[in-house]
Amino acid sequence: MTIYETEVPGVGHKFEMDLDGDERLVVIIHHDGKRDVYRRPDPDADSEQLFSLTGKQARQLGSILEGAYFQPVELDEVEVPLGDAIIEWYEVGESELTGQTLKEANLRERVGVSVIAIQRGDETIPNPRPETTIEAEDTVVTIGKRDEQQALSDLLGE
Amino acid sequence: MAAGLLEVGVAIAVLALAGLIALRVGLSVIPAYIVAGILVGPNPPTSVAGVSLQIVPTGEFVEIAAEIGIVLLLFFLGLEFSVGQLLSDWRRITAAGTVDFLINFGLGVALGIAFGRTPLEVAFIAGIVYISSSAIVTKSLIEQGWVANPEADSILGTLVYEDILIAVYLAVLTAVVGGAGEASAVAVDVARAFAVLGAIAAVAWYATEYVERAFDLPTDELFVLGVVGTTTLIAGAALATGVSEAVAAFFVGTAFSQTDHVEKIEDLVAPVRDFFAAVFFLSIGLATDVTLLADVALLLGVAVIATTLSKLVSGTISGRIYGLTPTRSLRTGIGLVPRGEFSLVIAALATGAGGTLAEVVPAFAVGYVLAMSVVGTVLIQEADSVTGALVPLFERS
Numbered sequence: 001m002t003i004y005e006t007e008v009p010g011v012g013h014k015f016e017m018d019l020d021g022d023e024r025l026v027v028i029i030h031h032d033g034k035r036d037v038y039r040r041p042d043p044d045a046d047s048e049q050l051f052s053l054t055g056k057q058a059r060q061l062g063s064i065l066e067g068a069y070f071q072p073v074e075l076d077e078v079e080v081p082l083g084d085a086i087i088e089w090y091e092v093g094e095s096e097l098t099g100q101t102l103k104e105a106n107l108r109e110r111v112g113v114s115v116i117a118i119q120r121g122d123e124t125i126p127n128p129r130p131e132t133t134i135e136a137e138d139t140v141v142t143i144g145k146r147d148e149q150q151a152l153s154d155l156l157g158e
Numbered sequence: 001m002a003a004g005l006l007e008v009g010v011a012i013a014v015l016a017l018a019g020l021i022a023l024r025v026g027l028s029v030i031p032a033y034i035v036a037g038i039l040v041g042p043n044p045p046t047s048v049a050g051v052s053l054q055i056v057p058t059g060e061f062v063e064i065a066a067e068i069g070i071v072l073l074l075f076f077l078g079l080e081f082s083v084g085q086l087l088s089d090w091r092r093i094t095a096a097g098t099v100d101f102l103i104n105f106g107l108g109v110a111l112g113i114a115f116g117r118t119p120l121e122v123a124f125i126a127g128i129v130y131i132s133s134s135a136i137v138t139k140s141l142i143e144q145g146w147v148a149n150p151e152a153d154s155i156l157g158t159l160v161y162e163d164i165l166i167a168v169y170l171a172v173l174t175a176v177v178g179g180a181g182e183a184s185a186v187a188v189d190v191a192r193a194f195a196v197l198g199a200i201a202a203v204a205w206y207a208t209e210y211v212e213r214a215f216d217l218p219t220d221e222l223f224v225l226g227v228v229g230t231t232t233l234i235a236g237a238a239l240a241t242g243v244s245e246a247v248a249a250f251f252v253g254t255a256f257s258q259t260d261h262v263e264k265i266e267d268l269v270a271p272v273r274d275f276f277a278a279v280f281f282l283s284i285g286l287a288t289d290v291t292l293l294a295d296v297a298l299l300l301g302v303a304v305i306a307t308t309l310s311k312l313v314s315g316t317i318s319g320r321i322y323g324l325t326p327t328r329s330l331r332t333g334i335g336l337v338p339r340g341e342f343s344l345v346i347a348a349l350a351t352g353a354g355g356t357l358a359e360v361v362p363a364f365a366v367g368y369v370l371a372m373s374v375v376g377t378v379l380i381q382e383a384d385s386v387t388g389a390l391v392p393l394f395e396r397s
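Taken in order, these protein sequences are the chains called G and X. As numbered in our numbering, the first sequence has no gaps in its residue numbers, which increase by one up to the final residue, 158. As numbered in our numbering, the second sequence has no gaps in its residue numbers, which increase by one up to the final residue, 397.
It is possible that some hints are incorrect.
Just the calculated beta-carbon pair ranges, DEER-fashion [as the list claims (entries may be wrong)]:
{"no.": "1", "chain 1": "G", "residue 1": "62", "chain 2": "X", "residue 2": "213", "range": "27 to 35 Å"}
{"no.": "2", "chain 1": "X", "residue 1": "185", "chain 2": "G", "residue 2": "54", "range": "52 to 60 Å"}
{"no.": "3", "chain 1": "G", "residue 1": "66", "chain 2": "X", "residue 2": "309", "range": "32 to 40 Å"}
{"no.": "4", "chain 1": "X", "residue 1": "359", "chain 2": "G", "residue 2": "54", "range": "46 to 54 Å"}
Okay, derived cross-link-like pairs now, BS3-like style, lysine-lysine, Cα gap no bigger than 27 Å in a straight line [what the hints assert, rightly or not]:
{"no.": "5", "chain 1": "G", "residue 1": "103", "chain 2": "G", "residue 2": "145"}
{"no.": "6", "chain 1": "G", "residue 1": "103", "chain 2": "X", "residue 2": "139"}
{"no.": "7", "chain 1": "X", "residue 1": "139", "chain 2": "G", "residue 2": "34"}
Simulated from the structure, these hints should not be mistaken for lab results. Positions of the beta carbon are idealized from the N, C-alpha and C atoms, including for glycine.
All chains should be built: construct the whole structure from the sequences, respecting the hints.
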């Protein structure tokens with residue numbers, strides 16, 4: 001990502017950052033610490049001032065944006081580390097597992113993971129029994145090592 | 001003693017009042033300070049409805065504070081002078097700046113000659129109409145939000161070029177004014193001035209590390225005293241040897257520009273500069289005899305109209321050099337219309353010279369700066385209507 005920096009004599013420094021498309025974010029840092037933040041929707045448009053912050057406010061906002069206080073969980077990539085093992089969620093969909101019982105699917109022998117729960121709609125089946133059938137709309141929750149999880153993922157055709 | 005204190009008190013109170021009014025009206029404080037000086041000064045009008053207005057005599061304090069104002073204005077010009085920016089963008093800055101210089105300085109020379117002025121007066125008039133006001137222009141850029149737009153590059157680039165040129169110009173003019181008058185003597189004076197300034201510049205360039213360490217002072221108070229003291233001392237010493245104090249201060253500023261002290265100076269010394277600069281503008285007003293404006297009225301009227309247009313033209317060309325759209329190019333011109341502090345610094349040099357130069361040039365400069373600071377600020381505020389009306393015209397052609 002390119003950030004353009006220019007000196008503004010008598011004012012301070014100007015930083016410009018490209019956003020999506022032609023949009024550009026412009027930050028003026030004044031010598032007295034004040035920060036003005038502008039947005040320019042496209043190269044031909046005028047910059048609109050979004051807000052102005054003191055040095056202290058800017059530093060706080062900066063650390064919020066950096067994620068110092070809270071890091072969001074990227075829901076597609078949920079991983080809970082348990083030693084070597086991780087817990088993963090898989091949507092079964094129309095795969096070879098659909099309609100099989102857990103005993104028939106025999107995932108522990110075939111790929112190494114254990115099914116610890118099945119989510120079916122709003123309902124969660126914790127610690128499902130061997131005769132529980134896997135259905136197309138299910139999400140199976142499995143625990144296993146990274147390569148085992150990968151093997152299951154391959155099996156499900158993801 | 002009491003009289004002196006009263007004089008200073010009145011002067012500062014008048015400035016505060018003038019500044020407040022300017023702020024309310026939404027205009028630059030520079031013309032307000034000058035007008036305040038004219039009103040309360042010893043020259044006519046000296047009274048309104050029988051009430052004496054001669055409340056601020058031009059005393060020693062005002063004179064010296066005004067001189068410190070000039071020194072600090074130029075010091076900051078040097079401080080904010082970015083060698084890095086100049087080097088990284090020198091092609092465009094040189095092209096845009098040269099266009100700006102040739103058109104506006106050239107027009108100043110033409111005007112001076114057309115009105116039958118002496119060569120020295122012509123040199124002064126050309127400088128006064130050429131140089132835009134960094135103070136008013138930058139402030140307007142921020143207020144309009146243009147500072148975040150591409151036209152800020154062409155406007156600030158042109159200002160950078162003007163800054164160097166004004167340093168050279170002041171150095172030459174100071175030597176000429178202080179010189180003996182003979183062409184050969186003038187040449188010697190100019191050469192000597194450049195030798196002294198070259199020495200200061202060389203020291204400034206190579207002393208960065210030393211300045212960095214020397215001004216690593218423990219308290220803010222010592223820091224301000226150190227910076228202002230050094231600058232005033234070097235400027236004063238330069239003046240004592242017949243070299244422009246303003247240009248010496250400019251180079252002292254450049255010595256600081258490469259150090260980490262810049263932000264601290266902007267923070268702590270800028271208010272000191274603003275204080276003394278305000279007294280400088282007041283003193284210009286105090287020294288102005290408005291009755292002399294009548295002598296230069298025609299020149300003034302023509303200059304105001306012609307040089308407003310010439311900045312629009314030169315700015316538009318500079319904008320095109322920067323590859324800007326027609327609207328932004330025209331804005332470059334509009335942004336550069338305000339003239340202010342540097343035109344007055346040039347005029348102050350003429351005041352010191354004595355003779356007819358000391359009468360005609362300052363009166364012209366004051367009238368011109370008053371007009372151009374107001375015209376410039378209003379043009380910038382109304383820029384959208386101006387570009388809206390003008391841009392379609394040259395897009396069609």
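For each hint given before, does the structure comply? Return the numbers of the non-compliant ones in rising order. Violated hints (numbers, rising): 3 and 6; every other hint is consistent with the structure.
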